[in-house]
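Please take these sequences and the hints and turn them into a complete structure.
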Amino acid sequence: MPQGETPAHLIIAGLKRAGIDLVASLPDQWLGDLIEQCDADPAITHVKLAREDDGVGICAGAFLGGRKAALICQNAGVLLAINALGGMAFHHQIPFLVIAAQRGAFDDGYYYQMYKGRLTEPVLKAAGLPHYVIDGPEHLHLVEQGARQAFLSRLPLTLLLRRNALVAKREG
Amino acid sequence: MDRITCAGLIKQKLTPKDIVVCGLGSVEAAYKQVGPVGPTYFASDPMGLWASVALGLALARPDRRVVFLAGDGDLLMNLQVLATIAAVAPANLRIVLFQNGSYASSGGQILGGAETLSFATIARGAGFKTVIEARTEDETRKALDQLFDGKSLGFVAVHVARDKSPSEAPGPLAQAEQRALFMQSLDA
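Residue numbers (our numbering), protein chains in the order written: chain A, 1 to 172; chain P, 1 to 188.
Quick caveat, the hints were computed from the structure, so don't treat them as lab data.
Keep in mind that the hints are not guaranteed to be accurate.
To give a feel for the contact side, a few chain A residues facing chain P, derived at Cβ under 10 Å [to be verified]: (1) Leu22; (2) Ala43; (3) Val47; (4) Ala84; (5) Met88; (6) Tyr110; (7) Arg148.
This one's a predicted model, so the numbers in the text were calculated from it and none came from an experiment.
By construction, the Cβ of each residue, glycine as well, lies at the ideal position given by its N, Cα and C atoms.
Below is the structure:
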């Protein structure tokens, strides 16, 4: 990762290169920096959600109107929104990018997060929805590439980002 | 007032430039019966998502008015979306709710809390500045005048009579095909 570039910078640059300028989000501790920067960026329309499936609807509506969008949430939000993703977006063939914090694996530290790490990938696979796990910031080029795949395949594509890919390491 | 009459009054206020997102079930049946005016995106399952689809469309097309025709059972599934919409407050979005307190297309089952539920109160509490409730044809006409003549986000709840509205047989096009045609029609 080039010096001075945090994961949030790299993710937002990737979104912009893919033509995404509308973001709907619900916070997670690991997503704080990314969401704060989306909110502060005048080139991005940022919609604050109360439930993640509304984000699926907003991204879908944006695509219908010719605008590219992304949903940013925790993987628990992917689980909550699976009916909207697998039912509406898949069925209507509506593409957008989902950037989700992949909570509940070796890099997490809470009992109550663990089910999310166990469930998210199998549930996405069962729903027939493409997804990739991003282990660290060196793989954040997948934001742009994943978005391009989503729009070419007319399906929502989910990137599951581990802690290292979202939270900047502190110096010293 | 029946829902067909309500749909007819809405139709009088629409222009061919308006983009309509039409809720499923009895709302869809009513709007199809009076005949869509401009580009219309018809909802499907899952219920509860279509207010947010209308919000996304409004944000993508600020040059066009977006009208969401909602059923109350549908909207009740995701009430928090009203807070999200009110916070964004797109000036080009209008919502008209068909309120009959029942799930008309699944057999007319009554909504939990149907007798006490006030969607207008909920919309006001969510932050909508223009909220109107109408119970008669005359009230509905005036409410729609205010909604469509206004220049900002607004919400009208119209009380319509309960009637059963069985699901129709599927048409020749699946939703993905209708989606492509809808997108094409926006730029026609």
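Q. Hint check: is the beta carbon of Tyr110/A less than 10 Å from a beta carbon of chain P?
A. violated, 25 Å
Q: Could you check if Leu22/A really has its C-beta closer than 10 Å to a C-beta on chain P?
A: Holds: closest Cβ of chain P sits about 6 Å from Leu22/A, inside 10 Å.
**Q.** Ala84/A as chain P interface residue, shortest Cβ-Cβ below 10 Å
**A.** Holds, because the Cβ-Cβ distance from Ala84/A to chain P comes to roughly 5 Å (cut-off 10 Å).
(Q) For the restraint on Met88/A, tell me whether the closest CB of chain P is nearer than 10 Å. (A) Nearest chain P Cβ about 6 Å off; hint holds.
Q: So, Ala43/A near chain P? Judge it on the closest CB pair being under 10 Å.
A: Violated - the Cβ of Ala43/A stays beyond 10 Å from chain P, reaching only about 14 Å at its closest.
Q. How about Val47/A: closest beta carbon in chain P under 10 Å, or not?
A. Interface hint status for Val47/A: holds (6 Å vs cutoff 10 Å).
Q. Can Arg148/A be said to touch chain P, with a Cβ gap under 10 Å?
A. With a closest approach of 19 Å, the Arg148/A hint is violated.
Violated hints, in rising order: 2, 6 and 7; the structure is consistent with all others.
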